[in-house]
Amino acid sequence: MRRHGRIDRALILARRHGPTAPVWRKRAAILSGAVALGLVALLFAKAADWASDQFLHLVHLAWWAPLIVTPAVFAGLVWLTRRVAPDARGSGIPQIMAARFDPEGAMRSLASAKTAAFKFVVTIGALFAGASVGREGPTVQISATIMAYAHKLFRVPIRASVMVAGGAAGVAAAFNTPLAGVTFAIEELAAAYEQRMTLLVMTAVLISGMVGLGLNGDYVYFGAMGTTLPLAKSILVIPVAGVAGGLTGGLFSRAMLAFSISERKWLVAIRRRPVLTAAVAGLIVAEIGCLTGLTWGTSYEPARLMIAGADAPGWFGPAKFVTTLATAVSGLPGGIFAPSLATGAGLGDLLRWFFPATAAGPVVLLGMAGYFTGVVRAPLTAVVILSEATASHGLLLPLLATAIIADWVAGFVCEERLYHGLSHAFMAKRNEEKQDAPPSQ
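If you're matching positions, the sequence shown starts at 23 in my numbering and goes up one per residue.
Check each hint, because a few of them may be wrong.
[Unchecked claim] No more than 30 Å apart at the CA atoms, straight line, and that leaves these computed lysine-lysine pairs for DSBU-like:
no., residue 1, residue 2
1, Lys68, Lys136
2, Lys174, Lys255
3, Lys136, Lys174
4, Lys48, Lys255
5, Lys174, Lys287
It should be emphasised that the hints constitute simulated quantities derived from the structure, not laboratory data.
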């Protein structure tokens with residue numbers, strides 16, 4: 023009897039603490055999910071850069087080619103998206119915000135393998151056509167999906183925290199900014215940052231970050247900038263950058279929400295013709311790109327040069343604003359993070375005209391912080407992304423002050439936060455599908 027009792031106790035201990043125990047399955051899911059999404063994020067970044075380079079090579083061979091290629095690809099990709107994976111359209115961040123409310127159900131569409139794979143491929147296609155999109159929003163959706171499937175593989179319950187952790191790790195991997203991933207989880211993805219979510223988010227961000235560092239090396243996204251801003255000059259620049267960024271960023275959000283969810287008749291009529299709308303948007307992007315030569319894709323290189331102090335044409339910021347808005351309302355899969363940072367750099371470059379005696383780099387960074395905050399209404403995320411992406415830790419306080427002012431000003435221009443407003447459409451669609459679904463037997 024004693025022997026049987028010992029065997030029973032050993033079996034119980036094995037079930038509780040062995041490799042098949044829930045705690046070990048959960049750890050395996052987090053580890054495998056974070057490693058996988060880190061690898062996919064790196065592959066996505068390489069593919070996106072390749073697609074952008076190929077498009078610029080096409081422009082170099084025939085400057086007029088985008089006038090034909092870009093509208094045609096815009097229309098074709100939007101048609102394909104609506105036919106194959108409608109929940110792959112747009113950024114990807116609103117989809118994961120909506121997925122938090124029904125994580126298991128979200129894996130049927132919002133966070134399904136089909137949607138994530140389609141998002142990956144079509145975002146690359148959009149960059150191949152010169153669209154003003156970034157890969158950061160799509161990386162969030164793809165990464166959250168990978169994390170959810172890792173938990174499903176190891177038979178671990180899929181909760182909202184899984185989606186949040188995957189999305190946060192995606193932001194960290196996209197910019198090589200681990201702290202920004204955590205702050206993004208707090209400000210945007212998680213409505214309430216629960217204690218049980220903390221460890222999952224931190225672990226996912228750290229593991230995906232280590233994967234990126236191990237394979238890609240340590241790098242600063244926009245390049246290190248060590249220039250600081252004296253207090254006397256900061257007091258002058260901060261309110262101007264905050265107000266200008268809040269007004270322009272809020273205007274972008276207001277326009278994007280209007281085109282996406284407004285019930286005004288003419289806007290509804292535009293949404294009823296998605297392929298035609300995409301073709302017109304593509305033509306706008308192509309015309310501006312052919313005229314300027316600087317607004318294609320993410321415009322990473324012009325933004326990096328402006329941060330370094332190079333002069334840029336005064337029209338760059340407004341032109342990038344228009345091309346990013348046109349791309350966003352077209353319905354193409356793709357994010358707005360990187361294009362918004364480039365638009366903010368253009369705004370900061372304009373602000374240099376008012377402060378000619380001030381170092382260029384800090385003014386451009388404050389313009390980026392103001393505009394980016396005005397668009398996404400996440401001041402902490404904006405500050406941490408920029409400080410990590412430029413290694414400008416000496417500008418933390420000016421960046422934070424600018425972001426707070428921009429967030430306050432943007433609230434007057436557009437009351438609804440952009441990603442929250444866009445997520446309502448996905449949540450409404452999900453609720454309709456639940457109501458239309460036949461009752462379970």
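Now for the hints, and whether the structure bears them out:
no., hint, in the structure
1, Lys68 <-> Lys136, "holds (21 Å)"
2, Lys174 <-> Lys255, "violated (54 Å)"
3, Lys136 <-> Lys174, "holds (16 Å)"
4, Lys48 <-> Lys255, "violated (51 Å)"
5, Lys174 <-> Lys287, "violated (43 Å)"
Hint compliance for this structure: hints 2, 4, 5 are not met, and every other hint is.
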